[in-house]
Amino acid sequence: MTLSVLSRDWLLDENPETRLQAKLGQSYRMTRALMRNPLAVLGLVIILALLVVAAFAPWLAPYSPIEGSLSNRLLPPSAEHWMGTDELGRDILSRVIHGSRITLYIVLLVAVLSAPIGLVLGAVAGYFGGWVDRALMGVTDVFLSMPRLILALAFVAALGPGIGNAVIAITITAWPVYARIARAETLTIRNSDFIAAVRMLGGSHWRIVARHILPLCLSSTIIRVTLDMAGIILTAAGLGFIGLGAQPPAPEWGAMISRGRTFILDQWWVATMPGFAIVVVSLGFCLFGDGLRDVLDPRQRSK
Amino acid sequence: MIRIDKLNVHYGSAHVVRDVSLDIATGESFALVGESGSGKSTVLKALAGQIRDWSGTVDLGDVRLSPGKHPRELIRRVQMVFQDPYGSLHPRRTVDDHLDEPLQIHGLGDRDQRILSMLDAVGLARKFRFRLPHQLSGGQRQRVAIARALMLEPDILLLDEPTSALDVSVQAEILNLLKGLRAERGLTFLLVTHDLPVVSFLCDRLAVLKAGQIQEIAGVEQLRHRNLGSAYGRELVAAAEGVAAEQA
Chain A
1 MTLSVLSRDW LLDENPETRL QAKLGQSYRM TRALMRNPLA VLGLVIILAL
51 LVVAAFAPWL APYSPIEGSL SNRLLPPSAE HWMGTDELGR DILSRVIHGS
101 RITLYIVLLV AVLSAPIGLV LGAVAGYFGG WVDRALMGVT DVFLSMPRLI
151 LALAFVAALG PGIGNAVIAI TITAWPVYAR IARAETLTIR NSDFIAAVRM
201 LGGSHWRIVA RHILPLCLSS TIIRVTLDMA GIILTAAGLG FIGLGAQPPA
251 PEWGAMISRG RTFILDQWWV ATMPGFAIVV VSLGFCLFGD GLRDVLDPRQ
301 RSK
Chain B
1 MIRIDKLNVH YGSAHVVRDV SLDIATGESF ALVGESGSGK STVLKALAGQ
51 IRDWSGTVDL GDVRLSPGKH PRELIRRVQM VFQDPYGSLH PRRTVDDHLD
101 EPLQIHGLGD RDQRILSMLD AVGLARKFRF RLPHQLSGGQ RQRVAIARAL
151 MLEPDILLLD EPTSALDVSV QAEILNLLKG LRAERGLTFL LVTHDLPVVS
201 FLCDRLAVLK AGQIQEIAGV EQLRHRNLGS AYGRELVAAA EGVAAEQA
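Quick note, the sequences are listed as chains A and B, same order.
Each residue of the first sequence is one higher than the one before, counting from 1 in full-length UniProt numbering.
Each residue of the second sequence is one higher than the one before, counting from 1 in full-length UniProt numbering.
Take the hints with a grain of salt, since some may be wrong.
Stated by the list, open to error - For each label pair, taking beta carbons as the anchor points, the in silico distance ranges come out as:
#  : chain 1 : residue 1 : chain 2 : residue 2 : range
1  : A       : R207      : B       : K69       : 12 to 22 Å
2  : A       : S145      : B       : R76       : 47 to 57 Å
3  : A       : R207      : B       : G186      : 24 to 34 Å
4  : B       : S55       : A       : F128      : 22 to 32 Å
5  : B       : L116      : A       : A33       : 27 to 37 Å
6  : A       : A33       : B       : G37       : 40 to 50 Å
7  : B       : R126      : A       : I150      : 54 to 64 Å
8  : A       : E14       : B       : D62       : 43 to 53 Å
9  : A       : R134      : B       : D53       : 18 to 28 Å
10 : B       : Q104      : A       : E14       : 25 to 35 Å
11 : A       : F143      : B       : D23       : 50 to 60 Å
12 : B       : H134      : A       : F143      : 32 to 42 Å
13 : A       : F128      : B       : D62       : 26 to 36 Å
What the hints assert, rightly or not - Stretches of chain B that chain A covers, calculated by requiring three or more beta carbons in the stretch to come under 8 Å of a beta carbon on chain A:
#  : segment
14 : 38-50
15 : 79-92
16 : 102-110
17 : 127-138
Unchecked claim - In silico negatives: residues of chain B with every beta carbon more than 12 Å from chain A:
#  : residue
18 : S21
19 : I24
20 : G56
21 : G61
22 : G123
23 : L228
Since the hints were made in silico from the structure, they are not lab data.
Glycine included, C-beta positions come from ideal geometry on N, C-alpha and C.
Okay, chain A solo, but in the shape it has when bound (with noise of 0.2 Å):
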């Protein structure tokens, strides 16, 4: 039974017998899909390293992040220092692998936190519409205005620096789109008949949007989402670069840029090694966030 139950067979089964069969069934064709897209697997490759590096960097970071011997003083890319050292002496490689963990930290504060308050404004706006549109999209509007970054630094200038309150001021930047395209999903669905056959069940309004509604935006968040990342980790960079994210010697991936600023015609290694690390990650969101989307549409699922 225990056998036949993890079957290909039984995954694949176009008349599941259970709820749970239909649903594993589901993730499992959705799986194999984003398999057959080497670009995406690319993507979810650099994501898995991320994540084993930053789960993983006090045991493969050779040396301290933060103790470095005034000797060994920018020395270039060598067996012994394979990104070699930063102008403290400290090994490069080490604060990049360390640095992989402040990385991921800021990304996934920021989805965790503006995905949900995006999804939940646009889906409301769009549903009810009316002044609860007006009023929500007024204020997501005032939001979407205003540049990011700058927004961001506003709020860090308030705030004080740190990397608490750099996720803050990404998040309060994040969000607004996310409600934008949760709010022009739910414009579509909202008048279909499959909605007015909920509500002719009885359905509340709560039980509609947070049942019928959410399912459909949340593919499309997290598409957006995933492809923010990059967009997420390069604000969180420039507010490490010009010093309002995380505080030395915390070893994020913008401040180290920033350090290595100074030496970059000599010691080109110092602020390459840090920004290649930023380039890949992004581009492993980018790749992902693209495969998903292929795998999460409907409309191109269907075919």
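Starting from the known structure of chain A, arrange chain B on it as the hints suggest.
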């Protein structure tokens, strides 16, 4: 069972339903026919609580309807089947989710058993229970929509052109199903259609609507014998026969 007196509906400045009065008996199958824009679907929507701006008196059973309100006790008694089975099912929810929803909303027990017996009643094999709508044919989807409408065991079923989005061969199956279900469960049907053969197959009486006004109310025998009273009614029959002749 359904008593409508002087129903008027305005869409903005357009007066789309004018003084429509109908009296439909329990267990009767009644059709509203007319061309598109005649206001026949609007009457149905007013009964279903989907539009707010209407005036007149509408009694469904012993419950009086008022504009903008849809009393909860009506939900268990009046349900609707929509025209397009491709639009009336949620694309991400399985057949089971659709049939389970009304039971959840109204806190009814014994859900597995009710769903299975409803699948049997609408002639949908049990193996389809956990399929998504895109894995079903148009006829199967309409069976799901009918099953969903019947889950709460209503007395009145509002049918908005339930077969016009389906292939001709499937239309007959769905019509037979509806006819059987009505006999079995003693349902009262209010059907909106422009398809006169459907009316003669499924209905006892019909009302002909033009520009929001009832032209005549006739028995289905009159329709079968092409013996409608109003000029517009005869025109409709002639037009339908013209289309049929062209297709043949």
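Quick rundown of the hints versus the structure:
no., hint, verdict
1, A/R207 to B/K69: 12 to 22 Å, "holds (19 Å)"
2, A/S145 to B/R76: 47 to 57 Å, "holds (49 Å)"
3, A/R207 to B/G186: 24 to 34 Å, "holds (30 Å)"
4, B/S55 to A/F128: 22 to 32 Å, "holds (26 Å)"
5, B/L116 to A/A33: 27 to 37 Å, "holds (32 Å)"
6, A/A33 to B/G37: 40 to 50 Å, "holds (44 Å)"
7, B/R126 to A/I150: 54 to 64 Å, "holds (60 Å)"
8, A/E14 to B/D62: 43 to 53 Å, "holds (47 Å)"
9, A/R134 to B/D53: 18 to 28 Å, "holds (22 Å)"
10, B/Q104 to A/E14: 25 to 35 Å, "holds (26 Å)"
11, A/F143 to B/D23: 50 to 60 Å, "holds (57 Å)"
12, B/H134 to A/F143: 32 to 42 Å, "holds (37 Å)"
13, A/F128 to B/D62: 26 to 36 Å, "holds (33 Å)"
14, 38-50, "holds (count 3)"
15, 79-92, "holds (count 11)"
16, 102-110, "holds (count 3)"
17, 127-138, "holds (count 7)"
18, S21, "holds (24 Å)"
19, I24, "holds (19 Å)"
20, G56, "holds (21 Å)"
21, G61, "holds (16 Å)"
22, G123, "holds (16 Å)"
23, L228, "holds (32 Å)"
The structure shown violates none of the earlier numbered hints.
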